[in-house]
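Student: Spelled out from the first residue to the last, the chains are:
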Amino acid sequence: MGLQNTIQYLVDAGMHPAQTVHGSLAESGREAIGCFPSFAPEELVYAAGFLPVGMWGGKTGYTHADKYMQSFACSVMRANLEFGITGTYRMLRAVLVPTLCDTLKCMCENWKTAVPDIPVIGISYPQNRTDAVAKRQLMAELNRIKAELEQLSGTPITEAVLGESLQVYDAFREAINHFTAVSGQYSTTINAKTRHYILKASYFMDKAEYTRLLNALTDSLTARPMDSYLGLKVVATGIMVDSEALLDLLDEHGITIVSDALLHESGQFQALHEGTGSALEQIAERYLRINGISLLYEPRKPRGAMLAELVRKSGADAVIAFMMKFCDPEEFDYPIYQKELTRAGIPVLQIEIDQVVDSIEQIRTRLQTFIEMLI
Amino acid sequence: MSVMNEVEIRMDTAISSKEMMNQILKTHYKNAMEAKKRGKLVCWSTSIAPQELLEAMGIITVYPENHAAAIGARKCAPELIAHTEANGYSLDLCSYARVNLAYAEVLHSEAENIPLPDVLFCSSNICHTVIKWYENLSVMLNIPLIMIDMPFNFTYELLPHNLQYVTEQIESAVAQLEQVTGEKLDPSRLRKVMEISNETSLWWRKATALAAHVPSPLKGFDLFNYMGIMVCSRGTEEGRKLFKLWYEELETKARQGAGPWPDQAETYRVLWDGIACWPHLSTTYKTLKNLGMNMVTSTYPKSWDIVYESGDIAGMAKAYTGNVFANRNLKYNVESLVEIVHRYKLDGMIFHSNRSCKLMGFRQYEVQRRITELTGIPTVIFDGDQTDPRTFSSAQYETRVQALKEMMDSKKAERSMR
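Protein chains in written order, with this note's numbering: chain A, 3 to 377; chain B, -2 to 415.
Hint data in this document are derived by calculation from the structure and do not stem from the laboratory. All of these numbers come straight from a predicted model, not from anything done at the bench. Where a beta carbon is used, it is the ideal one built from N, C-alpha and C, also for glycine. Some hints here could point you the wrong way.
[To be verified] Quick look at which bits of chain A chain B covers, simulated, 3 or more residues with Cβ under 8 Å:
no., region
1, 64 to 71
2, 141 to 153
3, 296 to 307
Using the sequences and the hints given, assemble the complete structure.
Tutor: This is the structure we're talking about:
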């Protein structure tokens, strides 16, 4: 498969989740388990013989979800519930819900009633990750999840199989990190929209197959001369940027995402497994090492410094904060890192978004004003 | 002598519990301001955190949620909220946080003043929001934050490893407090404070349970006021005395068959789900009273019913993790409410869809459906906010409450037909 074909293949896979998931299931003969944002232990799901499927909402109305949650719930959760109720997720054997924010806690409870055919497995991740006691709790919790998955699959997850799964995930995360490190230099070939859908595809495909394709893509890409930049280079931050209209708008203005601190993207791929402990311990330790994530308790709030470092390393001109409406953790982080970045002389633009962006013209005006200020 | 009692409070029995409550509050804030001036360490804490540790170590503690509620009730919230929003905070965030984050910079409110903290103490049993709110305070003020994570219980029974995790964090919090204060915790003092806290909680339980009498001796909105003392003084002698006195007053009223109001009969008994609308306390209360509706209870009495064996840290961890209604799963919430409906002989339920509180709000629709299905009592839901006056519409509230009354009227008529 040539470069353009691989790009097109992955973009299509990211743009058509249902089709991609069904294709992956048919090919592997596996069943699927849904993974809510964020940090479901996919390595365990994969080792249990299931295809982990990322559940990050999508474009839909909320007719059924509105019977469970008020309109001031974030659009990702409303969409997931709507998809659950209307049958879009009927291929899932179960869903994993890490209760990492107040809406996720309620989601876990509402799902039990709203989507009774798909069992929900809640996950209690420790928030107090700096405390030594967190690892003990997390190991016990991961063992509980492991047992639940074993019950669903009917097969024990051995250390060897879990170890292999960790290797698959490390290779996958390395591939993504390599791709995102260079994709910014190919701003025309891999524009904002292409970048997003290539990364999104990873949530619906077998990770080993995805890794193979992405590595091939990156190799072909880096064999070519770099593209020249058309406009601003930015670091994107927030939960995710999934609106096609918004991505088109970024591309229309030649904006290149040279690096990101998006939960949906680098937030998932940032750390590899390390250490000499058991496979489960390595999963636990990876979670305890993740940083710059709004859903997690981080007493010294490192996100501002982290974003400044990403700007420095990537040579970005600015940070765009894509603020997912009604996401409390993100809304608490923003004023702190905005202040820190401004103090460091880094321009920040906040754009409030839902998964379905209705007011694109308003965003266009704000974006144009921002660009004019910087150029 | 307790931390609070540095300025004497009149504790003679001649005063009413209401007078005592006002004195305790006044002294609580006055002592905190004076202690800060004297260079004493001040702590800000969330409302259902293990205050036993703070009280036992003699740490002057004030509670931003109490403070924000007082600011809201005295209609002073808008200017603080505007300040926080101008700092880049979304208007969709918890309004207690929006009030407090401004106060931490402005340091003045006509309603009430509290001293700036030197240390922060936070428990996540009430929500995830407080974690983020206190994180921000910690960075803004550059002071240490001691956070005790109390995981949400999506299982009906609490998971043993989560309780172990909370227990170990409480032990670790002691070490952190000792480091911050440079003093050792005296175990016998902790045991004493635990004993007092348990007794206060038991008096709170007994007092609020008296509302099961028909008519209820408790004018339900009083719960919102007394609750503030459960937050700030349940580990003190004053707190224990107050709730014993309150119980005795209510018990006397119950024995005499007295209802909530001298000038009006209790026609209907309702439960209020959620926090009060502090800026609209009078409107929300009077609308109910005018229709003879007494809020006899809420989901709150259970939240401060924190009872365990004195000296038992694991028991304390369990009580704090499991007693907060919002930290339990939907099945538990529904079962508790059904039991409350029967025990308190409720005629109806009012759900406050509180824009500030996603954790309480996003289960209300399903809870409401199940309560209707399991008990047959009518329920309504209205939109409001705990401190931000902009979300509440008195017209919508009155219409919903009126609708509730009509539904309760027809239920009553059905019953009398039978």
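Student: For each hint, tell me whether it holds in the structure or not.
Tutor: Status of the hints after comparison with the structure:
| no. | hint | result |
| --- | --- | --- |
| 1 | 64 to 71 | holds (count 3) |
| 2 | 141 to 153 | holds (count 3) |
| 3 | 296 to 307 | holds (count 6) |
The structure is consistent with each of the numbered hints, conforming to all of them.
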